[in-house]
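Colleague: Chain order of the listed sequences is A and B. Throughout the first sequence, residue numbering follows the working numbering, covering 1 to 344 in sequence. Throughout the second sequence, residue numbering follows the working numbering, covering 1 to 197 in sequence.
There may be inaccurate statements among the hints.
Which stretches of chain B does chain A cover? Using the computed rule of at least three CB atoms under 8 Å from a CB of chain A, they are [stated by the list, open to error]:
#: 1; segment: 45 to 57
#: 2; segment: 72 to 79
#: 3; segment: 105 to 111
Chain B residues, not near chain A, derived (Cβ > 12 Å throughout) [claimed, not checked]:
#: 4; residue: R92
#: 5; residue: A115
#: 6; residue: V132
#: 7; residue: D133
#: 8; residue: G146
#: 9; residue: L154
#: 10; residue: D156
#: 11; residue: I157
#: 12; residue: D171
#: 13; residue: Q172
#: 14; residue: Q188
Bear in mind the hints are in silico, worked out from the structure with no lab data behind them. Note that CB positions come from ideal geometry on N, CA and C, so glycine has one too.
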Amino acid sequence: MHEPKLTAAPTLRRSLWRHLNKLRWLTLIIVFTMLALIPSISLYQTYLAAHAYDLLTPSQQQFYDIMALLTSWFTQHPLKELDAIKGNTWSATLFGLQLSDPLAVLGQLAASLQLYWPFLLSALIPVLLTIIFGRFFCGWICPATLIYEMNSSLSVWLRHLGLISGEQRLDRRLKYLVLIVGLALSTAFGSVMVALIYPPAIIGRELYYAIALGGFGSGTIFFILTLLFDLLVARRGFCRYLCPGGALYALLGRYRLFRIQRRVEQCNDCGKCNAICEFSLQPMRDDFGQECNNCTACIAICPTDALHFSIRIRDQAGQGDGYLGPKYRQSRREADQLKKESGL
Amino acid sequence: MNRRTFVLAALGGIAATLLAIKAVPGSAWAANRVQQYRMRFLRPPGALPETDFLSSCIRCGQCAEVCPNHCIQYFDLQSGVEAMGTPYIIPRQQACILCMKCGDICPTGALAPIAHTAEAIIDNVAMGRARVDESLCLSFQGKTCGVCYRACPLPDISLRVGRLEQPHVLDQCVGCGICERACIQMPQAIRVIPDYS
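The following block holds chain B by itself, in its conformation from the complex (with noise of 0.2 Å):
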């Protein structure tokens, strides 16, 4: 057997291996990441199904130098070393304003470019879908708020008000966090719950 021959098998080895390995669902390669997650975060709009994200990311950078509001932050090692480097936005910290900027910079469509308007954004982007905690929001205790409503890029479509404005989140929902931003609350009572799917 020659050199070449040699490399070209152990390629092809290694090759049909990792493709059997990532063929066999629920392997431990394979397996699902969301939950080694200790902490909420959003990917930014746009974003792949949350192995694909992974996979297409090449941590470039450019979807958080082109976030005009600063929202986007990156990963180190607290999440694995399979999501260093990849953008995600705590809500709370500064959320998302839906400008779609940073799904027409990513080079490689883990996060999908998607048009600036109303209707594409509410099709398309599914960053996560906000939680009103009855318990803590004041709208529900008495004191007339309304708050994360006046703060929703999407009123009334996303979120709409009831008697006291108290906040009653809609399907449409596309998970942006200002709501969760604006909350007066402390802590926050309306938060997004990540959609990674």
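Isolated chain A, as found in the complex (with noise of 0.2 Å):
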């Protein structure tokens, strides 16, 4: 067994990958403000198309002119050229390349029981890059987390004020039960219920109807729910327990290429992973499985830089207590007086 020098101090070369959780934030956000501005382009490219400035609103002017101004720096033929992105994240066109979340490719499958190639190869890029880096989508792309990890610190905030926030734990295989039995209504009703279900899709649309059809739809209230449902039961309750589109990326990314593995030699045991961990997982304990998704919100906290990204498709089994903490070192101390005086 490797034998760790007690003495030695921490590495003070703070490694690079700590800052991925400020990128991933980033993409959460552009991703989010993405969504609200394709609808908005596609507003703008109406009003374009009708020919009719004048026939506007204010602030309908108002709206033009911004987007004008915001497009004019990408294209000259918006109401042609924009027509490059549209969608969402449950499926969009980027570029005349289609991409679509597997749960909408699984979720009409069952519900129209029918192959349409073009719609199936739409999901095989994220099916891929699902199979190497596990549920990415749920923690860089989705935007629902951008909520849903606002929520949590919501919920932090009212834990200082001593108000009430939920701390139960569920079984966190109820999601596969949840895919299942949405797949399933969706082969017996022929429609896609799993899309009602699904907080990302949900936003997508629900995005779309407020700005361009002028009002928020039911899904917004379902979508209040799950923020509740977090709140008062459990902290990111719905996509650990519920969601089902986690559910199928927590399948897919299973056996996922880069996941996040704890250096036990310079773990010093402090807990905080365990604490930032927006899944309740414990990287402390080297318990990642198939529902770590890859938010690197732990390699960002840890003050030894103990986590780091492996390439390995399975979890380290339990490596015990970190080398730098007070547990091991009493243990170490303990031996090695057991040796000292074995040895007298």
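Could you use the hints to bring the two separately framed chains together as a complex?
Modeller: This is how it looks when you write it as structure tokens:
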């Protein structure tokens, strides 16, 4: 067994990986902004197509001017060329490339019981990325994650104020049941039911309704209920216990290549990673599993850079106490003591 | 029986039951949905027959985002949970201009891609068929109007006019609804009767 030097100070050269979490926040914000921008662009295009600037109300004219300014940096032919970016995270068309959520494909397959190849292929890239990076969609792209994480921060504030916040533990496998039942209902009703209970799909649609059609739909009520569920029942409870898409991504990413692992030699058992983990996993006890969405919050908070990305298809088995932690050092000291005494 | 066998058996059982339900014609869940709709609306051009359309549409919202005429709207719960989030057009509010962009962008083929040519549109688009209410139509009351004919994107193919510009809908009407939108009578004397098949 590797013998650590107990007197060694933690390495001071901090790893750059800990900044990934900021990059993730940036990605989330960009995705969310795009989800608001695309409906705005769509509305702007209808105003353009109508050729009736002077018939718009003053607020619509302001909107038109802002959009004209924003889009003028990218294109001189907004009516035609802005069609290149359409859709949302549920299904999008980016410069002729169609991308769809794997759950959309599975749901449509369950509902129609027919194969439509162009649509199946549109999920190919997301599926491949999920096989490599696991539930990365949940942590890095999902527009609901942005709101859910802010909601978790809210629950922390509420706890500081002494108000209730949910700390229930349910069974993680519940979401697989939701996935199966959702798909079964899709088949039964002949309609893609999973689209109605999947927060990123709901947000994509509702943002379009709110911006282009003038009001939120009832999907918003469902989404607010999921926020309340997170606040009152369990932190990030919907993602962890109920989300059908999260279930599918977790299954696809079970043997993901990129996973966060702990270097036991550098771990000091401070437990910050366990506390920060939105999904209540335990990085400090090597418990990542298929649930980890590679959000890198634990890497960012680790004071000793013990957590890092590694390329392997299974988690390391529990490695025990961190070598820099008090428990391990105590046990080493006792072992040394014992050795010394027996040597005498 | 271990857990794996149990899960597989349960999944198989569910799948078999569902297939059986789907296979029985006229069963409760596969029943004719069109009868449930309490409003008159059109599906966007190139839409599959209603049952297939509902099972193919993933509610991604791209058809409306690409529609330059802003005519596509989405159902909330008013037409049942099966139709929630699916696109519809109310021609009197805003009619389809047959630009065919929605079919091109639809990822699932729920709206079939159709070339933007008159022939392809006439052959493949069947949103409905216009019907003239002669008791309301001005031309049939002796006041020469012809607005619907002027508005029609396929004049003399879908709609021709006779004496006093009286409109007569032809078999090749694709049901875009521009005539209904244009009609100057209140209520409109020409309406599109949707075709969901």
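Colleague: Are the hints correct? Go through all of them and say.
Modeller: Tested hints:
1. Three residues within the 8 Å Cβ limit are the bar, and the segment 45 to 57 of chain B against chain A gives 6, so the coverage statement holds.
2. Here the segment 72 to 79 of chain B counts 4 residues with a CB under 8 Å from a CB of chain A, which clears the bar of 3, and the coverage holds.
3. Counting residues of the segment 105 to 111 of chain B whose CB lies closer than 8 Å to any CB of chain A gives 4, which reaches the minimum of 3, so the coverage claim holds.
4. Residue-level check passed: R92 of chain B sits 17 Å from the nearest beta carbon of chain A, beyond 12 Å.
5. Residue-level check passed: A115 of chain B sits 17 Å from the nearest beta carbon of chain A, beyond 12 Å.
6. The claim that V132 of chain B is not at the interface with chain A holds, since no C-beta of that chain comes within 12 Å of its own (minimum 28 Å).
7. The Cβ of D133 of chain B lies farther than 12 Å from every Cβ of chain A, with a closest approach of about 29 Å, so its non-interface assignment holds.
8. Every CB of chain A lies more than 12 Å from the CB of G146 of chain B, the least distance being 24 Å, so the non-interface label holds.
9. Against chain A, the non-interface label of L154 of chain B holds: every CB pair exceeds 12 Å, the least being about 20 Å.
10. Taking the minimum C-beta to C-beta distance to chain A, about 26 Å, the non-interface status of D156 of chain B holds against the 12 Å cut.
11. Non-interface status of I157 of chain B relative to chain A is upheld: no Cβ of that chain comes within 12 Å, the nearest being about 24 Å off.
12. Listed as a non-interface residue, D171 of chain B keeps its Cβ farther than 12 Å from every Cβ of chain A; the least gap is roughly 30 Å.
13. Consistency note on Q172 of chain B: stated as away from chain A, and its beta-carbon is indeed over 12 Å from all of that chain's, at 26 Å minimum.
14. No Cβ of chain A comes within 12 Å of the Cβ of Q188 of chain B; the nearest lies about 21 Å off, and the non-interface call holds.
Of the hints listed earlier, there is not a single one the structure fails to meet.
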